[in-house]
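From just these sequences and the hints, can you work out the full model?
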Amino acid sequence: MLDIVGLTASIGDKAILNGIDLSVPAGEIHAIMGPNGSGKSTLGYVLAGREDYTVTGGSVRFENQDMLAMTPEARAAAGLFLAFQAPIELPGVNNANFMRTALNAIRRAHGESELDAVQFLKLARAEMKRLSMDAEMLRRNVNVGFSGGEKKRNEVLQMAILRPRFAVLDETDSGLDIDALKIVADGVNSLRGPGFSALVITHHQRLLDHLVPNRVHVLAGGRILRSGGPELAKELEKNGYGAMLAEAA
Amino acid sequence: MNAISVPEGAAGFLARFAAMQGRLPGDSTLRAAAAEAFRALGLPGASRGRRVEAWKYTTLQPLGGMSFRSAEPAGKIAIPDSPARIVFAGGRYREDLSTAVPGFACFADQPDFGELSWPDRDPMVALNTMLAEDGAILTVPAGIDAGIVHLIHAGIDGTSAHPRHMIRLGGGARLTLIETSAGSGRYLHNPVSEIHVADGAVLTHVRIQTDGTEAFHLATIYAAVAAGGTYDGFTLNIGGRTTRTEIHATLNGPGAIAHLNGAQLLTGSQHADFTSVVRHAGPKGTSRQTIKNVLAGHSRGVFQGRIEVARGAQGTDGYQMNRALLLSPDAEIDTKPELEIFADDVKCSHGATVGELDAEQLFYLRSRGIPDNEARSILVRAFLAEALDPVTNDIARGLLEDAVALWWEGQAG
Amino acid sequence: MPADNETLDTVRSVTQSGYKWGFETDIEMDVAPKGLSPDTIRLISERKEEPSWMLDWRLKAYAAWLQMEEPNWARVDHPRIDYQDIHYYAAPKKKAGPKSLDEVDPELLKMYEKLGIPLKERAILAGVEGADQEQPRQIAVDAVFDSVSVATTFQETLLKAGVIFCPISEALRKYPDLMRQYIGSVVPVGDNFFAALNSAVFTDGSFVFIPKGVRCPMELSTYFRINTRGTGQFERTLIIAEAGAHVSYLEGCTAPQRDENQLHAAVVELVAMDDATIKYSTVQNWYPGDANGLGGIYNFVTKRGACLGDRSKISWTQVETGSAITWKYPSCVLHGVDSVGEFYSVAVTNNHQQADTGTKMIHIGKGSRSTIISKGISAGHSNNTYRGLVKVLPSASGARNFTQCDSLLIGEDCGAHTVPYIESRNRSAKIEHEATTSKINEDQLFYCRQRGLNEEDAVNLIVNGFCKEVLKELPMEFAVEAQKLLAVSLEGSVG
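Protein chains in written order, with the numbering used here: chain G, 1 to 249; chain W, 1001 to 1413; chain Y, 2001 to 2495.
The set of hints was computed from the structure by calculation and includes no laboratory data. As the structure is a prediction and not an experimental result, all values here were calculated from the model.
The list that follows gives simulated cross-link-like pairs (lysine-lysine, BS3-like), each with its CA atoms no further than 30 Å apart:
1) K2391/Y <-> K1347/W
2) K1347/W <-> K151/G
3) K14/G <-> K1347/W
4) K2468/Y <-> K1347/W
5) K234/G <-> K151/G
In structure tokens, the structure reads:
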């Protein structure tokens, strides 16, 4: 579904990604782990098309479309969803309106009819109930005054409503308690199927216990250092990155 | 104009210029042009019908009815003891009272009007340019830390002083300049200072004005800060009948920083005007300004502060806060904080508050057994702290604290 | 709530069309020759069948105006206005009241249609007899077309409640005592250059009187429209709320798209007695000129309210998206004890527009309170200035003011300026002022685009959020319209 070949990217004159090769087949969940500053978040931003990052080489193909040539909103319409590590606050913008506007923009791009406010609220409430979220969250401004956990849950809610084909979760598990972690995992698992893939960026084994990835990749210095099965994450949890980095050096 | 009765106001200054013209140091064409400008501009607020926005809240009308003479560079005055000091009395350099300060020259010997001032626009600068006799020309070469230098001015009754100062810091140089102005009687102190802070240099400029209650103090400062340089200014205005501190700071290069902090403590019928313009001319400059007015008696505090961001000055970070505390029913504050912004990638904000001492805080302190006056003192000092805290030099901070304490004692008595 | 989406739809629908109110209506007009003189003023007064004291009042204003100079302190720049090159009177030719819509000048009807006024209301506005008897609606409308009020709806329904809502020219004939007492009482004839000009030549506008204790049963609204080439529009509005009265008044304005500049110099006076409340909302959408700054309305307006009574309240809400130049400072003079003044403003400038707008809050009464919320958005090559004064006089013990001014810059060629004056002469007064300037946050933009919104939609969403505090003050119908206007005004400012 997603094929990354030789991807290099920089911010300013600082190279951050130094040649990423990664393929995520349809229906699979891959985890990305790695020390701080290794380029994990950058990879998420570059996939989503953030303009501060310059792609200096390589290619990203998403279901055979050249994703690097697309605007962020076109990538979203194509089915890419990035759950932000630090979700952005939008003062004065009502959460329900925001999600409905996004959903309808994507539906329009697919030639589908738009949802009116009533239809949307029905959908949103159902998803929120499933994710054990308080419906009051719909009335608040997007992420404004949300706790860390609420922001992360709001990302998962958006994902559930927008139903992407490919999700990048950037440390969505950080700072969550066990219950919230379960909500995030459930959110991803509910989308799981042959038409859905995800890249889960995380520091912790905990989330992977709930998500069980098909593959685990270790990112360091802007490259994938090692790839393996779910057992690789357990090994990292036990030994840390140090040994592996030393071995590579 | 006859020699027996000295004309008053603007005419008096012009007559003095006519009499002294041939003996004044420096560019005589420049002085003549300044005299023309002064004749045209007049004393702010003194001519009927003309209102200038820059002088909206301050009039020099009272100066119109007074005459001043030029001081002689002699006579006894009391000066604070400090190891590196440059002393002026009535605007004249006093070598006998000063110490040898490396890099110092007297304006009379090396006249330097600089290039930053606008005598054609600012009447008090025109007046200074016309009549300046002495001043401190202080140069700190690149890479040198010149430590602390005291620039001391003593006002002399019946005189007007127009010193012209030029401070130049070379790349990476450092200097702490502590400027004091004090005196007794009726006099005018009208200094103009031009300051150049080169790449990576740091000038800490602490000004403490405790002039006599009949004095006029009208100071204008122009500062140009190059990339990575810092102009760290603080002005405390306590004395004077009518005072104005006008600062123009221009940030020319990336990473340039200006701090234009200050406090004004006024009582009686004092009037103090703090006017500043921070111009972000180059990208990525930072400016910070906190101004506090504490107003007792019938006093009137004025703050006019503008942050200008020129087209192309992207990445500017400007912040300005001014707060006024009214201690008496007859005090008045006039505040005009302005933003003028021509670039989009900027972060600029300002805030202003006006109010009296918080009754609940006062009650809380008193309920703990602190007498009313002491409680007020604590709250006033707490109010001033935000402005004073950035002054980290111990000697300067000590002088400021002493001046504040003395002022408060005067209020209590 | 669904307005955000409608906003986005509107942006799409107008992307090609630009200023959609730019039509011109071809109606037979009665136009005075160009130029300003005592004769012009006499002609206006005569056409309006005014009492003689009114003519004297106008001539006094004219004499004051002759002695005054055009103010130059605002940050607006324009070629000299030739006051002799303007028609000071233009009115649609009058016939007897039409019996049905078929008899109404079709051009007039077309104009209402283009303004988006519903058919039923169009019939009422066009003066179709009996049209307003069928069923009561929510909003009474007065339409001012160039120099005259062409129709006012629901006058009778309102009169039953004791509310007078009529063209000011009619009020001069029907209620001379009220007019004589209040006109010029808040904005005196010699108040400023443009107010003096207006006093001399104003041709129409709305008059509202809410008697003691009456809550006006419906929203009152005036549509202003400049139509004829070479005309100036000088309307005057006077609203009086007696003790305990309440009224909400809305005003909307549009003008044809022309390459000439047209002058609009209005005066609005509000008077609120004890416990009275006046809410005055404006959606100003005069033609702003084209993308190169050609044409557009010069909008020089004096709006002032006097909170004469204790606990009286005057609230100004404005959404300023149009005009080549906006020069207006809706103000409150807070005489009454515990009186309240409010100013909520959104000003959007794009292309070469210039706006210099803000408010004055003059605190005189004990315990008077004021709130100022101003949101400025600059794009293109425009300049947008907030200019305001908060003044506390020694009598205003316990006065309070809170001011928040935020500016948003879109693009590197525009300017955003904040010029507040704060003057306090009472120790117990508490004043807080905050202002910020920033550009649209890149993180917010990217977040929205990641969720599928295109850049323009994302900007509109963020701008609407930025303006929310002000937009929520508008009556519902206007809030929706205002959001659409914001989107249209910012069209082409990104990407």
